Amino acid sequence: MDIMAAVQITNRTSETASTTPLFTNAVRPQPLLPRGDRRPDPGPVSASPLSPKLAQELDQVKDLMIHSLGQAHELPATQASRYQIDTGGGLLRARLALISGDHFGASADYRIASAAACELMHNASLVHDDLCDGDILRRGKATVWHHFNRQVALCAGDLLMCAAFMATTEVASPRHSQQLSRCLARHTRTVITGQSLEVAPEPATRPSLGSYLKATRAKTAPFILLPLEAGALGGDATPGQLSGLTRAADAIGLAYQVVDDLDDLAEGNGEFHPYHAWLHHQPPADSSASGSLVSDHLQSATLHRATRHALAALGRAQQQLTALSPLLYQALKPTIQGLQQRANHHLEALPYVLSIRF
Numbered sequence: 495m496d497i498m499a500a501v502q503i504t505n506r507t508s509e510t511a512s513t514t515p516l517f518t519n520a521v522r523p524q525p526l527l528p529r530g531d532r533r534p535d536p537g538p539v540s541a542s543p544l545s546p547k548l549a550q551e552l553d554q555v556k557d558l559m560i561h562s563l564g565q566a567h568e569l570p571a572t573q574a575s576r577y578q579i580d581t582g583g584g585l586l587r588a589r590l591a592l593i594s595g596d597h598f599g600a601s602a603d604y605r606i607a608s609a610a611a612c613e614l615m616h617n618a619s620l621v622h623d624d625l626c627d628g629d630i631l632r633r634g635k636a637t638v639w640h641h642f643n644r645q646v647a648l649c650a651g652d653l654l655m656c657a658a659f660m661a662t663t664e665v666a667s668p669r670h671s672q673q674l675s676r677c678l679a680r681h682t683r684t685v686i687t688g689q690s691l692e693v694a695p696e697p698a699t700r701p702s703l704g705s706y707l708k709a710t711r712a713k714t715a716p717f718i719l720l721p722l723e724a725g726a727l728g729g730d731a732t733p734g735q736l737s738g739l740t741r742a743a744d745a746i747g748l749a750y751q752v753v754d755d756l757d758d759l760a761e762g763n764g765e766f767h768p769y770h771a772w773l774h775h776q777p778p779a780d781s782s783a784s785g786s787l788v789s790d791h792l793q794s795a796t797l798h799r800a801t802r803h804a805l806a807a808l809g810r811a812q813q814q815l816t817a818l819s820p821l822l823y824q825a826l827k828p829t830i831q832g833l834q835q836r837a838n839h840h841l842e843a844l845p846y847v848l849s850i851r852f
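First residue of the sequence shown? That's 495 in our numbering, and the numbers climb one at a time after it.
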């Protein structure tokens, strides 16, 4: 059964819901991670051991990423792009593209190019996202805009996007190169339009549940699906297998956004956008209850529903990936387990203390 049917999530649209403090007397959990180190990357908690083959191919991916930036090493945009790449990270998307490509029989040149393209585009999104959010830390270091300036960061993000498409030209097969470019453009377009919903002026009315789910999946799932699908397109993946990859990535992306929103609550962040998980997991109002009973019930029920929703989505992702490829599941296992731990932390910490008005 789909989790949405199981929990029967509904929206509260009354004026009371938008003006009543949502949290009352309880204990606020400590933030799990600094904000700048948390977003928007649902990366691995700890890197999985590398096989000699994977380690060698990852080295080739790193070389291609740098090569794709071009030769203008002294210019600010290139320096900022190199700075972003050098901040490290687990190269999760490169790993996924390499493993997926190997599993479905893609050629070596395709695997390397697809992995580099996915990793470059992901880094471009991080630079732009940090710029939009004003985050000052990424992977324990100053973000690109904070280290350089906002204008250089914008240029660096654009350069990283160009480099991603440049990497696709390294594929020997014209057909596979074109498939990779289209895959890259399609998922990047989805992420851009999804992010625009969050930064746009607030709509006059609260988004529907369907709009919330679509926007939530659009912000994270595409860059989880991108390397999985990109690798598979270079081989002999069937339509059914591609659909399975999509379902797994959608589930992880949805869970990540829900848990990330709950982390906002734990941090006491009172600035929430219309697509925040809190707004879309509230139970129907109980007109027979009043006062603090309503508030206590609301906070506990809402957070419980949101957390269970995230955990159920992660369970679906685990089932899909295990059925498709144990190696792909092992690559994403640290990510899934990390999200499960964060979700369970919120369950154990119920209820929170926050006084937030929407």
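Think of the hints as simulated: they come from the structure by calculation, not from any bench. Computed from a prediction, not measured in an experiment: that's the story for all the values here. Ideal Cβ positions, reconstructed from N, Cα and C, are used throughout, including at glycine. Keep in mind that the hints are not guaranteed to be accurate.
[What the hints assert, rightly or not] Label pairs and their calculated CB-CB ranges:
{"id": "1", "residue 1": "Asp557", "residue 2": "Glu842", "range": "26 to 36 Å"}
{"id": "2", "residue 1": "Gln565", "residue 2": "Ser737", "range": "37 to 47 Å"}
{"id": "3", "residue 1": "Arg576", "residue 2": "Ser737", "range": "17 to 27 Å"}
{"id": "4", "residue 1": "Arg669", "residue 2": "Ser794", "range": "51 to 61 Å"}
{"id": "5", "residue 1": "Ala549", "residue 2": "Asp580", "range": "13 to 23 Å"}
{"id": "6", "residue 1": "Ser705", "residue 2": "Pro543", "range": "23 to 33 Å"}
Structure-based check of all given hints:
{"no.": "1", "hint": "Asp557 / Glu842: 26 to 36 Å", "in the structure": "violated (45 Å)"}
{"no.": "2", "hint": "Gln565 / Ser737: 37 to 47 Å", "in the structure": "holds (41 Å)"}
{"no.": "3", "hint": "Arg576 / Ser737: 17 to 27 Å", "in the structure": "violated (38 Å)"}
{"no.": "4", "hint": "Arg669 / Ser794: 51 to 61 Å", "in the structure": "holds (54 Å)"}
{"no.": "5", "hint": "Ala549 / Asp580: 13 to 23 Å", "in the structure": "holds (19 Å)"}
{"no.": "6", "hint": "Ser705 / Pro543: 23 to 33 Å", "in the structure": "violated (42 Å)"}
Violated hints for the displayed structure, listed by number in ascending order: 1, 3, 6.
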